[in-house]
Amino acid sequence: MFFMEAILHSIGGVVGSVCWFGCSDLAMEFNPYTLNGGTALGISGKDFALVASDTRLTDENMGLLFSRDSPHIYEVICLTGFHGDIITFIKLLESHIKEYLYQHKREIPLTALANLVSVCLYSRRFFPFYVSAILAGIDEDGRGAIFSFDPVGSYEREVYRACGTGGAILQPFMDSQIGGPDLVADCVEMEKGPAVRLARDVFISATERDIYCGDSVVIDVITASGVNRVCYPLRRD
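Just so you know, the sequence shown maps onto residues -16 to -1, 1 to 221 in mature numbering (1 follows the signal peptide of the UniProt record, and there is no 0).
Do not take every clue at face value.
To be verified - Calculated lysine to any residue pairs in the SDA-like style (CA-CA distance at most 20 Å, straight line):
| id | residue 1 | residue 2 |
| --- | --- | --- |
| 1 | Lys89 | Ile71 |
| 2 | Lys82 | Tyr114 |
| 3 | Lys30 | Pro178 |
| 4 | Lys176 | Asp123 |
| 5 | Lys176 | Arg193 |
| 6 | Lys75 | Ile57 |
| 7 | Lys30 | Asp170 |
| 8 | Lys30 | Ser102 |
| 9 | Lys30 | Ile122 |
| 10 | Lys30 | Tyr114 |
| 11 | Lys75 | Tyr114 |
| 12 | Lys30 | Val172 |
| 13 | Lys82 | Tyr58 |
| 14 | Lys75 | Glu44 |
| 15 | Lys75 | Leu100 |
| 16 | Lys75 | Val60 |
| 17 | Lys176 | Val211 |
None of these hints come from the bench; they were simulated from the model.
Go ahead and model the full structure; you've got the sequences and the hints to work with.
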């Protein structure tokens, strides 16, 4: 009986109890979302910002590994969550960025881009994009900036932030190294070299505890002169 219920659930999303004599107590269930893993972080400094993510793409519901080479960094924004929503959201965001460029004849500023991301997410608040986002770049004053977003568009400028399946592991690690033990004092202003090493080390630690995080860590360091990408291997099991 339990075997039959498992089969029904797997092929049709049917849950409930099954009676062998023609009666049934069934409920149809449809879940439009799935979590495809991914862990990301962002760190900002005086004249730089960096974003980092692992490259593992999975399906938490089925326990499948889809790819070992799928970074969760798209230009200067990191997105984790449901991969279908991520691709759709990126296409939507790219169209708005191109529209801004055609209308204003210049690249969109970082703070305006953060507001645009928020509006795009909020526009789907009744059926949200199942994503967590970290936007990184250089602001109008030449300083590094990190913006974090929830799935319905609420956002905040921060010095550092982690998200994704390993976010609960990465965040306290960065709290201790950047935010201080009580998170009351001003954050430590990091240089590029130490920030890259910290990002690498926290991902190495995360792969020991989170099975959905691994394979490689990709780190994009953003400065006024451009973006420099480095990659380090992680556990592949």
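>> Going through the numbered hints above, which ones does this structure break? Give me the numbers in ascending order.
In response: Checked against the structure, the hints that fail are numbers 1, 2, 5, 8, 10 and 14, while the rest are satisfied.
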